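When you get a sec, could you build the whole thing from the sequences and use the hints?
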Amino acid sequence: MKRVFGLALGILTAIGGFVDIGDLVTNAVVGSRFGLSLAWVVVVGVLGICVFAQMSGRVAAVSGRATFELIRERLGPRLAVMNLGASFLINLMTLTAEIGGIALALQLVSSVNYLLWVPFSAIAVWLIIWRVKFKIMENVAGLVGLCLIGFAVGLFLLGPDWDELGRQVLQKVSTGTEKTSTYWFYAVALFGAAMTPYEVFFFSSGAVEEGWTTKDLAESRANVLVGFPLGGVLSLAIAGCAAVVLLPELIGVTTLSQVMLPVAMAGGKLLLAFIILGVVAATAGAALETTLSAGYTIAQFLGWPWGKFRPPAQAARFHLLMMVCLLIGLGTLMTGVDPIQVTELSVVFSAVALPLTYLPILIVANDPEYMGEHVNGRALNGIALVYLVIILAAALAAIPLLIITGAGQ
Amino acid sequence: MTSDNHRQSLRWLDAHLHLLDRQVLDVHGVPVAVVDDLELSDIPAGLEIPRDAPMPTITALLSGPTLATRIFGGRPPKSRMLRTPWVAVREVGVVIKLSVGRDTRDLSWTERWVRDHVIGRIPGGRHTPKGEESDHAQSNDRGGGAS
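Just so you know, the protein sequences line up as chains V and A, in that order. Under our numbering, the first residue of the first sequence carries the number 1, and numbering increases by one thereafter. Under our numbering, the first residue of the second sequence carries the number 410, and numbering increases by one thereafter.
Hints in this document: simulated from the structure, not taken from any laboratory. Bear in mind that the values here come from a model prediction, so they are computed numbers and not experimental data. Be aware that a few hints might be false.
[What the hints assert, rightly or not] To give a feel for the contact side, a few chain A residues facing chain V, derived at Cβ under 8 Å:
(1) P440
(2) E448
(3) I452
(4) I458
(5) P459
(6) S472
(7) R484
(8) T519
(9) G529
(10) R535
(11) H536
Using N, Cα and C, we set each Cβ at its ideal position, and we do this for glycine too.
Have a look at this one:
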């Protein structure tokens, strides 16, 4: 009974935990400009994150090694430090975006300028990391994040023309005035948002935090394989809402309130309140994950003691590092930079760092010295190799597309 | 590999593959450092090496600020390296396990300084988050195992 409960809880958390500010914004932007014609990217991205998240979880459970330790061991210091630099900066950007997201959501509830909510959000994130148990932190954020199901409810309440939505999914190139390069720019952004590297850093380090062993493998696989795809459905619902309401009116998404506008139209205040709660939880959960990931990556690279399960004094540099990262994020937001733009950039840069993160996981998942009998099967390796090609293509295309399209303008 | 402590002394170890950049854990499973460099027993420089001279052996694992020097070349001063004698190595596997506890003197000064001056002074800094202890009873010898 306890197992079943644990499984259900894990799946629910995975659904709620999959969507963060990057997914919220990018899906709404894409929905409002391209309808559902980029839905295939979400499907590809979700399958990809499933493959690699469960691989990194399995490596962590069997060998007790988190992802960034492996990255350094397998890539050597030169390449690994490049990856560390890129991952850390992107992670910092994502962290900034998530804190901005919490503040923007709170602004919607309170009508108090989001800049006043930024310090409050950052301090709340720090307090949770400082004091709250890992499991509780993860479960509460994930479960409350489930309120985002309101987007799916909203889509049904809007009563869209499903045939039209279906046509959008199947048609390859965008409608109207959008250029092909912009279409592909957003394809890369959506892919980056779905496969953000911090998800595997967090997932594998979380497995070590929770002391997973080979006994937990089945549960972790179920969490990933059911939870993430359902999270992907939420992403599609967000895009769908934007496609139904914003696309015909040619409203481009530039604020968080526009992301929620369709839901407010469909379900009124009650559903809107529900969604806002979901957004606060999802962004707060992601802020916690990115802050911890910032600590995990550097601590694992340099061999420092790390982990929330230790008293902070026994992982002193790890905790200090996270405080500094939160302060940098806070400082960046206080300059008045638009959190939505930070988000859009962070998902594109995520795509750049993907290959160097996922390659070492794949190598180690095939190494019997680490994995014993739990090495990858052939089918999984096949899929993972196909994904490495896609990831590499997305990484190479990201920066040129960013420049050509002027960040999708 | 002269040490009797080393159980797997008959196995081939590739310095690059099995030692460099590996995580070092102390006897309680607490991360100590990452292996940045190896210290070998002296080979007299500039002299002709006699045919029957003993093979150089690893005398210590070194950790320190070698990141920049491994990328750009050069070598940091010896005084800045944290030295772990090879005799203290209990096992070389996916992590390198030591047979000794991590003595306070071996902690690099930054960790100690941050602990004593910053983290340890913030309320709650020396407590385990509520309920965490029970979850980590059996995980002592794993990567991030509890202390």
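Against the structure, the hints:
{"no.": "1", "hint": "P440", "in the structure": "holds (5 Å)"}
{"no.": "2", "hint": "E448", "in the structure": "violated (17 Å)"}
{"no.": "3", "hint": "I452", "in the structure": "violated (25 Å)"}
{"no.": "4", "hint": "I458", "in the structure": "violated (30 Å)"}
{"no.": "5", "hint": "P459", "in the structure": "violated (35 Å)"}
{"no.": "6", "hint": "S472", "in the structure": "holds (7 Å)"}
{"no.": "7", "hint": "R484", "in the structure": "violated (14 Å)"}
{"no.": "8", "hint": "T519", "in the structure": "holds (6 Å)"}
{"no.": "9", "hint": "G529", "in the structure": "holds (5 Å)"}
{"no.": "10", "hint": "R535", "in the structure": "holds (5 Å)"}
{"no.": "11", "hint": "H536", "in the structure": "holds (6 Å)"}
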